[in-house]
Amino acid sequence: MKHILSQHLGKRSSLIPFLQDIQKEFGYLSTKAIDELSRSTDISANEIYGVATFYTQFRFSPPGEHTVRVCQGTACHVRRGRQILNEVEQQLKIKAGQTTEDRKFDLERVACLGCCALAPVVVVDDKVHARMTAKKISSVLSQYKGRQTRKK
Amino acid sequence: MKLTIDRKAVTAKKDETVLQCALRHDISIPHLCTHSHLSPFGACRLCVVEIEDMPGYPTSCTTPAAEAMVVRTDTAALQNLRRNILALMMLEHPSACLICGRRDLCEEYRPVAEKAGRTTGCHTCNNKNVCEVRTLAEELGFCDLPIPPSYHHRPVDRSNPFIDRDLNLCILCGRCVRICKHQHGTATIDFVDRSSKTHISQAFDRSLLDAGCRFCGSCVDVCPTGTLADRYAKWYPKPDTITKSTCIFCEQACALKLEANKGELVTARAVNEDIPICVLGRFAIPEFLNSTDRLRMPYVRVGKVLRETQWKEALKTTAAKLKEFIGDGFMLVCDTTSTLEDRFVFKKFTRKVMKSKNYIEIEPNYRGISLSSLPKGTKAVLLTGKFVPSSQLNGLELLIVQDCFGTNVSQRADVVLPAAIFAEVNGTILDGSGQKRPLHKACDPPGQAKAEWWIISKLAQAMGAKGFAYRSAGAISKELGISKAKLWVKRDQAPEAAQDLERRRTFFRGHRICEKVFALRELPIRDSSVPSRAVSKRTDGFQILEKYEIAPNVHEIVIQAPNVAKKAQPGQFVIVMVDEKSERVPFTLCDWDAEKGTITLIVLEVGQSSRKLVLLEAGDRIDHMVGPLGIPLEIKQYGTVVLTGGCYGIGAILRIAAALREAGNHVIVIVEGRSHYKHYYKEKLETVCDELIQTTIDGSLGIRGHAVDVVGQKLKDGEKIDCVVAVGCLFMMMLTTRETKPYGVKTLVALNPIMLDGTGMCGACRVTVDKEMKFACVDGPFFDAHLVDWDELRDRRVAYSAEEIHLVGRTESVAPYPGHGDNCRCLR
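Top to bottom, those sequences are chains S and X.
Note that the working numbering has the first sequence beginning at 1, numbered continuously upward.
Note that the working numbering has the second sequence beginning at 1001, numbered continuously upward.
These are computed hints drawn from the structure, not numbers from a lab.
Mixed in with the good hints, there may be bad ones.
Short derived list, chain S residues pointing at chain X, Cβ under 10 Å [to be verified]:
1) Phe26
2) Gly27
3) Thr31
4) Ile34
5) Asp35
6) Asp42
7) Ala45
8) Tyr49
9) Val51
10) Phe54
11) Gln57
12) Gln90
13) Gln91
14) Ile94
Glycine residues also receive a C-beta, built at the ideal position from the N, C-alpha and C atoms.
Sequences are here, hints too, so could you generate the full structure?
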């Protein structure tokens, strides 16, 4: 943390680089990290939080082991991306934006992943799973259930 | 700079914006997010104007005035644009009252806003009298919403001691965030989750206190809506006097704007809105001065008891007693929170009349009691505060206490004289730097309390002394040669207590401030470890099985009460006491299940007692309940029956409708709500009636208007209606009565007066029906509406409104901070 705080000059204007570095290091923005950042920048924790909540890239709870991104972009939407998301939500018993209780999976809904030809698309960590169906989803998820890959 | 605004040639000052320039020349441009103490923000877009050679509609608050500019502020296109902008804002603000067809009648019939836990319209909004949004809507001729409004159902934040925050009313003008930044450098609150869900909050949803709020109250003062409210002052009527005076809680002597209603202090604010004042100055003064602990009458000791008496007798007795102690055995102790005028009279009295040199003037001790003991040889003492521990008063022959609060010291006194203080007196005090600052009387002292100079002067006169015939504090100032003092308005920085909550004063003349101002007890003592409050689970009483807020401010509560459920009949009610010390409140039995032994109540949160009830959760218990009470509605064959319900009445007519339908009636149920989100029980009601009609004032659901409009239309159309039963607020029932009277349709109303015992003993629920006195609890609740004296009923219902306002302002409902024991900082 100290290392990060010493990196940027200009304090107020480099708030977002600060936040990005913290998230990169710890995986999320903890209350402790924000309070510490607040002390060293003289910006109240409330203001920092106000800025951070604007960006979807910042998260405030520890990430799960695997990130499941379900595309809801135009092409995926037309090919029933919503149904896929519903199915994933049901199987993981969480809503988009949440983390499973066992911290195995994060679920995110994204607007477009840039591979519309493969729609509907689900991306787990960095692997793209193309032409997804509600039936295929459980086998995709089970691939990751046992695996222990701590991602950065 | 010369420019033209609306064909009027005006001159702009340097750095002035178009809006500032226009306002200075009495040209009004609607605006909302702009505030005179804040830099331009351009959030609300209401101040749009047309400027020649500028594209589009620039906001006048962010456009600097320039040479030769030609500005138009009131074209039809602009007004239309503004109306649309306001309409968009009103989509997320309870706005039905603004477009209500019965607004005039409502204002006339209920001029003061009614208390409610959640505000869902102007009629239950604490900001009603001073609302900037309302004023704007009136100016712009706001009339309709393009699409149904939404309600976010955000919980009302009462997690801090002083400020209620109902984000469902927020229009995101950002004034609160900006004033916080402006005054404290970095903000305690900010916009969070910026998106369609943007709202004002603190980091990680911490409470205001944990987020570092110092409670200067500036955010409350700048809020244009009812979103932020001072919990104590919230439901007081609009202030009728505003007086500038000086705070005497500490030597910072902040200049205050004191607002009073009918002689009672309601709020204190900073005169200089650029510099924050401390939590005591902003939030504590009214509750401190209006405390029930204030001394209101003089008391004289007769044997072992202190007997209440009148001034004349008190002065006579005191004078006679004092005459025996002339000389150095007498001592007068005061502190410098008494005015210079008071202290001049004290000194003169001690020296000239009592011929004693023991006039002791102490510096205020903000942390506790000032003197540990009295000098030896003291026989008689006059104290103007609790300066000495009561244990040190044993050897005295005469003790006179002239104070504002009763204490264990005044309990031992021979004479107790009630003193007016602070905002109740005129005079001059010295601030920390030795400058004179004025006190101006802003409110009336409690009972017969009098200014301190008055008391001592009268005492001197009663002892036959000359030179004490003062008629006002001003006359003493003249004798003293005090020139006119000036308020300390222009200062460089905020007083220390406004920067750090923990440096607030905790004592005033030996009285612990938090004992008088309940909310201060919730401010934590951060430097002591505090055990968590033990919550005792009770096992007696009536258990709450389920509780939901089914519509904003409407709570459905299911309670285990087998004996009530067994005997309940349609239209009956129960009386509930939430805890041992609660008020007894009647609630209509909305539903019951004899087999399961449960009853269902619909509760509106409108005051202290209902708040206590809705704060309970499933699993908690209610202390007492009596019921079923009242005469059930006569269920027989009427023919076509129209049942109308509003607010809690929507639930209350459920079983009545079912019973009437079973008896072979054609049942039409008409329920009303301000907006679509105020409706509930649609499915349940559909099963118990032949026709269900929903109405909303803003037209967002069903028919636009009130339930009574539908009844009126049906009657006008010549539909056959044999009986109308109305259950809801007084206004709604009265409207129904007015509508059905010309047609001579039998109309029954369930009256809801204040009720106490519910068995016809106390008479609190007295109503006049057909010029006869009836008790709503045993003769009602149903009465023939056309025979009810509505005006009397309305007047009787507001009989205790002043007391209710006092109670709701006190924050007992918020769990008090557990640490105020011996560890309390206030004790140090």
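Right, here's what the structure says about each hint:
1. Phe26: Since chain X brings no Cβ nearer than about 15 Å to Phe26 of chain S, farther than 10 Å, the hint is violated.
2. Gly27: violated, 17 Å
3. Thr31: Holds: closest Cβ of chain X sits about 5 Å from Thr31 of chain S, inside 10 Å.
4. Ile34: With a minimum Cβ separation of about 6 Å from chain X (threshold 10 Å), the hint on Ile34 of chain S holds.
5. Asp35: holds, 8 Å
6. Asp42: holds, 7 Å
7. Ala45: holds, 4 Å
8. Tyr49: This hint holds: Tyr49 of chain S lies near chain X, its Cβ roughly 4 Å from the closest one there, short of 10 Å.
9. Val51: It holds, given that the least Cβ distance between Val51 of chain S and chain X is near 8 Å, below 10 Å.
10. Phe54: With a minimum Cβ separation of about 4 Å from chain X (threshold 10 Å), the hint on Phe54 of chain S holds.
11. Gln57: The hint is violated - Gln57 of chain S has no Cβ within 10 Å of chain X, the shortest such distance being about 14 Å.
12. Gln90: violated, 24 Å
13. Gln91: violated, 26 Å
14. Ile94: Because about 19 Å separates Ile94 of chain S from the closest Cβ in chain X, which is outside the 10 Å limit, the hint is violated.
In summary, the structure is inconsistent with hints 1, 2, 11, 12, 13 and 14 from the numbered list given earlier, while agreeing with the others.
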